[in-house]
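S.K.: The primary structure of each chain is shown beneath.
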Amino acid sequence: MADYTYTLLIPLIPFFVFLLLGLTGHKMKPVVSGLIGTSGLGIAAILAYTTAFKYFWAGHVAGAAYTSLKAFEISWLHLTDKLTIHMGILIDPISVMMLVVITTVSLMVHIYSIGYMKGDPGFYRFFSFLSLFSFSMLGLVLATNIFQMYIFWELVGVSSFLLIGYYYDKPSAVAASKKAFIVTRFADLGFLIGILMLSFNTGTFDFQTLTDPHGPAITQAAGAAFMGMSVLTWSLIFIFVGGAGKSAMFPFHIWLPDAMEGPTPVSALIHAATMVVAGVYLVARLFPVFALGAPDALHVVAWIGGFSSLFAAVIACTQTDIKRVLAFSTMSQIGYMMLALGVSGFGGEEGLGFMASNFHLFTHAMFKALLFLGAGAVIHAVHSNEITDMGGLRKHLPITHITFLIACLTIAGIPPLSGFFSKDEILVAAFHANKMLFAIEYIVAGLTAFYMFRLYYGIFWGKNTHYHHTPHEAPKVMTIPLMILAFGSVFAGFLPFKDLVTSDGKAFESAIDYWIAVPSVLIGVVGILIATIMYKKETAIPDKVAGTLKHLYKWAHRKFYMDEVYLFVTRKIIFRYISVPLAWFDRHIVDGTMNGIAGITQYAAYSIKGLQSGKLQQYAFVFISGTIILVLIFVYLV
Amino acid sequence: MIQNIPLSYYLVISTLMFFIGIYGFLTRRNLITMLMSVELILNSVNINFVAFNRYLYPQQLEGHFFMLIVIAVAAAEAAVAIAIIINIYRNFKSIDVENVDEMKY
Chain A
1 MADYTYTLLI PLIPFFVFLL LGLTGHKMKP VVSGLIGTSG LGIAAILAYT TAFKYFWAGH
61 VAGAAYTSLK AFEISWLHLT DKLTIHMGIL IDPISVMMLV VITTVSLMVH IYSIGYMKGD
121 PGFYRFFSFL SLFSFSMLGL VLATNIFQMY IFWELVGVSS FLLIGYYYDK PSAVAASKKA
181 FIVTRFADLG FLIGILMLSF NTGTFDFQTL TDPHGPAITQ AAGAAFMGMS VLTWSLIFIF
241 VGGAGKSAMF PFHIWLPDAM EGPTPVSALI HAATMVVAGV YLVARLFPVF ALGAPDALHV
301 VAWIGGFSSL FAAVIACTQT DIKRVLAFST MSQIGYMMLA LGVSGFGGEE GLGFMASNFH
361 LFTHAMFKAL LFLGAGAVIH AVHSNEITDM GGLRKHLPIT HITFLIACLT IAGIPPLSGF
421 FSKDEILVAA FHANKMLFAI EYIVAGLTAF YMFRLYYGIF WGKNTHYHHT PHEAPKVMTI
481 PLMILAFGSV FAGFLPFKDL VTSDGKAFES AIDYWIAVPS VLIGVVGILI ATIMYKKETA
541 IPDKVAGTLK HLYKWAHRKF YMDEVYLFVT RKIIFRYISV PLAWFDRHIV DGTMNGIAGI
601 TQYAAYSIKG LQSGKLQQYA FVFISGTIIL VLIFVYLV
Chain B
1001 MIQNIPLSYY LVISTLMFFI GIYGFLTRRN LITMLMSVEL ILNSVNINFV AFNRYLYPQQ
1061 LEGHFFMLIV IAVAAAEAAV AIAIIINIYR NFKSIDVENV DEMKY
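Here the protein sequences come in this chain order: A and B.
Heads up: the first sequence at position 465 corresponds to 465 in our numbering, and the numbers run straight through without jumps.
Heads up: the second sequence at position 34 corresponds to 1034 in our numbering, and the numbers run straight through without jumps.
If you are wondering where the hints come from, they were derived from the structure by calculation, not from laboratory data.
Among the clues, some could well be false.
List time: in silico DMTMM-like cross-link candidates among lysine to aspartate or glutamate, alpha-carbon distance up to 20 Å [to be verified]: (1) K609(A) - D1096(B); (2) K615(A) - E1062(B); (3) K536(A) - D389(A); (4) K178(A) - D212(A); (5) K550(A) - D1096(B); (6) K435(A) - D321(A); (7) K170(A) - E1102(B); (8) K615(A) - D1096(B).
Everything numeric in this text was worked out from a predicted model, so none of it was measured.
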């Protein structure tokens, strides 16, 4: 077994960079703090690539299964002999893959931010938060046990909160950061309950023990039943609630569009490529338990994923803020990943969906980060998020234009770009498991192509908007990450995921199924063509279509009134019937008792304060009379 | 000669002095007068010391020495008290005890 102890440095370097920048960053020149953050992440990225190479190729015997191993572990909290919480580093195919994804995207975002955030007064603060986020996310994927994962899960939530609210003088950003934090925190309650139920029934937090097909979790915990489902199923559903919150699955998705108030590189890193896929990672991490112990929970995952992807795709067609379109697109693509996990079985070719989900996670991280960074370059150039303020930018921003086009083609699933391969695998897996889910995903594939090209034409073609000052291409420090990510988007599809990341660690064979691949490409092309007709030149067609589907358009444009539903539930029900009585109880009973005690004390004090008159002779008189009375008592009475 | 005067005479004198001192201390508003009253109290005690020593233990001198110590302490006390009174006067422009009640409540 090769030695992987050095992987400890991968999360620790960003952590120390965070401390360094957070504590001393205000004394540095902005460029210096940016370079420190970037180089810290660069070293972490190099270590991650080394680990990936060593794990997948150099240190691996060809044909053997990939095993999971603990590179490092200490007991962190020793509560009792039975209840000990460990901290450590787990190396297995999905964690190594996530290492590569996180460090790559994070490094690109760091480089890009040096250009994007230039001149911002909080430059060092931004980079220290980015490092904190990278540390938390790396800690999350490397966790050896579910409790450690939970700790880092919350840290990721905090850093997301900090970065969404980065422009803290902007009320909408502050509101968005609070919304994101509260919604995900609320979902994390489910995660915590799930953890407690799962570990109570299995007696362990450890992932290796939990996911062992012959271990206690899968063989025993399925026994006890509650309301027609086993306790294991319930606990996994609760854990999935946490995952759904972080991954913006319906109905916890409402925070994701608002999270776009953060700086665009943050959206690329956290709300597209890494943090929002934490839920997918969580399900993938516990996948053997889901697949072998609780298939019902897996069905929930599949249907939530499928519904979210359709729901988000419909909304994405009507939004005008380019970052929000991308946000809903992210939600839709994560729905794909969830669905792929949900329809997958365990082991061999049965595990196609598992492989496809991780494959799509990988490629999606590349092209969605690229899309966001491209959108950032556009926003940088025209100082607006609204698609209506853009148009005809292809002449002004040539590099952004080409890379954005590549990303759009990738997400639309055009071969031989990477999105085609991963999406195709998901469709195949869905087709073999459930025709209904397959149909949903098939429609979503078309919608995806349509709304992405609506966005593309809206930004780069369409009407020639008159700009106050001519938009200019972003500096090299911003365009180079775009080119690197474009390269990744094009070629990531050729990685042999079937050999590397599978549900049971063993490689399996499957060829492209042309009966599914060809129609899926076709519907993508159809989506692109419709978008071309409607949006390449300024036409009246979009308004006509919107007019015909008036109600649907209005509903989708208002995001199906989900925000309003949440507001109704919180304001009208929770606030009125729970919070108001509680506040009354607090003010009148709890505070009342305390105020009463204080009032009595004060009354007593006022009535006796005359004793402290400050008049010396009064004191002396009392003293002397007291003495005389005592003397008389002792002389005559005792 | 001294044998003709009973001890109780001395005690009556000292009691009178003591209560005159107490009365002065409680009723006078002037700090200097109050200080003088305190001196009266102390001196009444001194008379008691000397008288008891002379009448009960004529061979010993503890009472006399104790009286001397009290006089010394009284002198020191007067010095400190007058210093305090001067400072009070500087702060309050008055040595009326009624005005010196900043520390009440």
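S.K.: Looking at the structure, which of the earlier hints fail to hold?
M.R.: Those not satisfied are hints 1, 2, 4, 5, 6, 7.
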